[in-house]
Amino acid sequence: MFSDLPDEIAIRISGLGKTYHIHTGWTPGVSLRDEIVRLATLRFLREGPARTFAALKEIDLDIRRGEVVTLLGANGAGKSTLLKVLCRITPPSEGTITYRGRIASILEVGTGFHPELSGRENIYLNGAILGLNRDEINRAFPAIVAFAEIEEFLDEPIKRFSSGMQVRLAFSIAAHLDADILVIDEALAVGDQAFRAKCVDHVRRHFFDGKRTVILVSHDLDTLRALGTRAVVLEHGRIAYDGPVEGGIARYLGHA
Amino acid sequence: MPDATVQVIGPRLGKSDYFRACWRQRTLLWYFARRDLVVRYRQTLLGVAWVLLRPALGMGVLGFLFGTLGNLPSHGLPYPLIVLVGMMGWQFVASVVGEGTGSIANSPSLITKVYFPRLLMPAAGLLLNGVDFAVLVIFVFVAMACYGVFPPTQAVLAPLAFPGLVATALGLACWTSALAVRFRDLRALVPVGLQYGLLVSPVAYLSSSLPAAWAWTAWVNPVSASIEWLRWCLLPGIPFPETGLLTTSSAVALVLLWSGLRYFRHAESRFADVL
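Protein sequence lines, in the order shown, are assigned to chains P and H. Residue numbering for the first sequence follows my numbering, beginning at 1 and increasing consecutively. Residue numbering for the second sequence follows my numbering, beginning at 1 and increasing consecutively.
Bear in mind the hints are in silico, worked out from the structure with no lab data behind them. Accuracy of the hints is not assured; some may be wrong.
Said to hold, decoys possible - Result set (DSS-like, lysine-lysine): computed pairs, CA atoms no more than 25 Å apart in a straight line:
#1 P:LYS159 - H:LYS15
#2 P:LYS198 - H:LYS15
#3 P:LYS211 - P:LYS198
#4 H:LYS113 - H:LYS15
Said to hold, decoys possible - Some chain P residues near chain H, calculated using beta-carbon distances under 8 Å:
#5 VAL85
#6 CYS87
#7 THR111
#8 ALA197
Said to hold, decoys possible - Here are the computed distance ranges between Cβ atoms for each label pair:
#9 P:PRO244 - H:ALA188: 38 to 48 Å
#10 H:ALA188 - P:GLY254: 49 to 59 Å
#11 P:HIS202 - H:TYR41: 50 to 60 Å
#12 H:TRP50 - P:PRO115: 18 to 28 Å
#13 P:SER162 - H:VAL39: 13 to 23 Å
#14 P:GLY254 - H:VAL274: 28 to 38 Å
#15 P:ASP34 - H:HIS75: 42 to 52 Å
#16 P:LEU154 - H:THR68: 24 to 34 Å
#17 P:GLU152 - H:VAL255: 46 to 56 Å
#18 P:ARG230 - H:TYR41: 24 to 34 Å
Remember, predicted model here, so these are calculated numbers, not experimental data. Backbone N, C-alpha and C define an ideal beta-carbon position, used for all residues, glycine too.
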């Protein structure tokens, strides 16, 4: 697909909307029998049009290369939906996102880990899920292991890891992705105090190089103040504020 | 970094973009297969012997039922060999479909948190069970040697059965894995279907043993072309399968693959919303 994204723009969101259709009386994952009954009894004719819920409405946003954008908003304001669309987990209903380079997201704890596999095997599996090929994982491997501090347990099945170790490993894999755009959703609030400080420091040193773009969601306002260069506040699926971090936090707290 | 490729996320993803993305992340296919392989055999008593257990049991039990009790024709061959070659093709398809059905529905955390072409999940079973298939080929030759039966020259054509098996397995697995996301029933329904599918497919008997009124069941069965082809290639004295059966059955397998991929791609974008 052709596109004309200016060099300094990392992500251009235009006219983005996401609408969920809520069929009354139909819940996903119900049994085939229910669906057959619904069709056979012609109940679907009487259901009328499905109720719709717009999680995102007319989002327009340009994010420049090297920015650390903090995304704020109450529960249900559309933060997660926006990140899901950005990470291709769910398609938008309208509008487009144009971006340059590779987007990677830091997974929630243990997503994609398999408990029976060793730490080493999980690093390769998780790296591949995040879109790396074998050479790229090989190159990042020593740094991932060192950062997560799991050298001695590398060949143990991950089910024997403490939850702290699992979290450290998960963060470490994602943090060593050579991504141009990094999405971090609450993932900095991991591990003990010391590891958390290390994560914040890592993000600051590696992703503040003016080339990488970071989108950060966290309820820890200190983290946002320390790392963010710009804040976007979502309210009811729309952008309610876009500007300096302090102003964004003030707006967010005023509505929280 | 300015030279990095520009990509667009829109309401629809083009077909060529999709298969290009699958190819880009082909490493993942390998890692999914390896994960399933390790998980399948770690902490098991019999380990890799499981690969041989099912066909060996099938050969014994079905060979007795159809060969000894049923006294069905075997063209002068030991009846268990007829069953074994049938099981070879059947088990590949049944394993890919059986394991593939839950591949998406059982991984909601992965599907709702990170994107990769979902097709890689059911497709990983092809690789994993392809390895099992290779082990089984060796077992078949050993069993034939034990019976003193030696393959005819057309044995070199046996690999031609594989595309048909892959098409059937992947096509069916696409359908069942995508449907299982919406309908939990599929996870209970598929094992039952496979259990009886084994009996209504020409696995434990030659399709030429079917009475004329029922011959069409083998024609429309997507696995029968591959199975009958394998038998003709590997076992001496088996006549060449009917051309009508080969073409019709192969055509059904292709339609299955085409429609399965189509439906999967159509359903895939909603997986994260449904799970």
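Now the hints, each set against the structure:
{"no.": "1", "hint": "P:LYS159 - H:LYS15", "result": "39 Å, violated"}
{"no.": "2", "hint": "P:LYS198 - H:LYS15", "result": "43 Å, violated"}
{"no.": "3", "hint": "P:LYS211 - P:LYS198", "result": "21 Å, holds"}
{"no.": "4", "hint": "H:LYS113 - H:LYS15", "result": "23 Å, holds"}
{"no.": "5", "hint": "VAL85", "result": "7 Å, holds"}
{"no.": "6", "hint": "CYS87", "result": "5 Å, holds"}
{"no.": "7", "hint": "THR111", "result": "5 Å, holds"}
{"no.": "8", "hint": "ALA197", "result": "25 Å, violated"}
{"no.": "9", "hint": "P:PRO244 - H:ALA188: 38 to 48 Å", "result": "56 Å, violated"}
{"no.": "10", "hint": "H:ALA188 - P:GLY254: 49 to 59 Å", "result": "52 Å, holds"}
{"no.": "11", "hint": "P:HIS202 - H:TYR41: 50 to 60 Å", "result": "37 Å, violated"}
{"no.": "12", "hint": "H:TRP50 - P:PRO115: 18 to 28 Å", "result": "21 Å, holds"}
{"no.": "13", "hint": "P:SER162 - H:VAL39: 13 to 23 Å", "result": "22 Å, holds"}
{"no.": "14", "hint": "P:GLY254 - H:VAL274: 28 to 38 Å", "result": "36 Å, holds"}
{"no.": "15", "hint": "P:ASP34 - H:HIS75: 42 to 52 Å", "result": "50 Å, holds"}
{"no.": "16", "hint": "P:LEU154 - H:THR68: 24 to 34 Å", "result": "54 Å, violated"}
{"no.": "17", "hint": "P:GLU152 - H:VAL255: 46 to 56 Å", "result": "54 Å, holds"}
{"no.": "18", "hint": "P:ARG230 - H:TYR41: 24 to 34 Å", "result": "51 Å, violated"}
Hints 1, 2, 8, 9, 11, 16 and 18 from the earlier list are contradicted by this structure; the remaining hints agree with it.
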